Amino acid sequence: GAVVSQHPSRVICKSGTSVKIECRSLDFQATTMFWYRQFPKQSLMLMATSNEGSKATYEQGVEKDKFLINHASLTLSTLTVTSAHPEDSSFYICSAREGLAQETQYFGPGTRLLVL
Amino acid sequence: RKEVEQDPGPFNVPEGATVAFNCTYSNSASQSFFWYRQDCRKEPKLLMSVYSSGNEDGRFTAQLNRASQYISLLIRDSKLSDSATYLCPMNRDDKIIFGKGTRLHILP
Numbered sequence: 001g002a003v004v005s006q007h008p009s010r011v012i013c014k015s016g017t018s019v020k021i022e023c024r025s026l027d028f029q030a031t032t033m034f035w036y037r038q039f040p041k042q043s044l045m046l047m048a049t050s051n052e053g054s055k056a057t058y059e060q061g062v063e064k065d066k067f068l069i070n071h072a073s074l075t076l077s078t079l080t081v082t083s084a085h086p087e088d089s090s091f092y093i094c095s096a097r098e099g100l101a102q103e104t105q106y107f108g109p110g111t112r113l114l115v116l
Numbered sequence: 117r118k119e120v121e122q123d124p125g126p127f128n129v130p131e132g133a134t135v136a137f138n139c140t141y142s143n144s145a146s147q148s149f150f151w152y153r154q155d156c157r158k159e160p161k162l163l164m165s166v167y168s169s170g171n172e173d174g175r176f177t178a179q180l181n182r183a184s185q186y187i188s189l190l191i192r193d194s195k196l197s198d199s200a201t202y203l204c205p206m207n208r209d210d211k212i213i214f215g216k217g218t219r220l221h222i223l224p
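The listed protein sequences correspond, in order, to chains A and B.
So for the first sequence, this note's numbering puts the first residue at 1; every next one is plus one.
So for the second sequence, this note's numbering puts the first residue at 117; every next one is plus one.
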């Protein structure tokens, strides 16, 4: 299957700092990328959908000014958690889709964020 | 009604047994269906797509029942490595939405 990478795989930061997470599709061009967050023993919650070259669409309850998403190319999307706080500690997972809505999404390995 | 509903389990099944679970969905317009598995502290991985006529991949069989709006997954001859959470995401407005999944524990 297609390969999606994420970097970093885990990050520990102090409260108030900003953290950038990269998501790359390695062997296909991702017209759409998705960002999810998963708390322990909870389901993956969709945070936002990003299409290359346009603004991200955020799910209800997700602060767009806190979670900045940039999808500057067909192979790269970034999520920046601004002024992170301990409650932002979670498992952040991106996924990428090559084309139509019916096509498979491929997931990155996730990024564990711990905010102290 | 939730978009995706699954029995959270856990299903504790002895190795070698057959296990099946369902996933109901609320959006009758959904066109594509998948089963993913997620191991503890890992990302979801595609297990198989689900086709209208049903499909099989080795020990795994997936079925779609459009009238009752559910999909099913049957695992035969279960292995210890099948222990995971099984997810059936659904499409909503061009996005994939997940439920909590069904936890499966295969017992030695």
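In short, the hints are calculated from the structure, not lab data.
All of these numbers come straight from a predicted model, not from anything done at the bench.
Be aware that one or more of the hints could be misleading.
Claimed, not checked - Below, a sample of chain B positions facing chain A; criterion: calculated Cβ distance under 10 Å:
hint, residue
1, L162
2, L180
3, S184
As the list claims (entries may be wrong) - Computed cross-link-like contacts, EDC-like style, restricted to lysine to aspartate or glutamate with a CA-CA straight-line distance of at most 20 Å:
hint, chain 1, residue 1, chain 2, residue 2
4, A, K20, A, D65
5, A, K55, B, D210
6, B, K118, A, E59
7, B, K211, A, E59
In this text, a Cβ means the ideal position worked out from N, Cα and C, and glycines have one as well.
Verification of the hints:
1. L162: Holds, about 6 Å.
2. L180: It is violated, given that the least Cβ distance between L180 of chain B and chain A is near 14 Å, above 10 Å.
3. S184: 22 Å, violated
4. A:K20 with A:D65: 14 Å, holds
5. A:K55 with B:D210: 16 Å, holds
6. B:K118 with A:E59: 16 Å, holds
7. B:K211 with A:E59: 10 Å, holds
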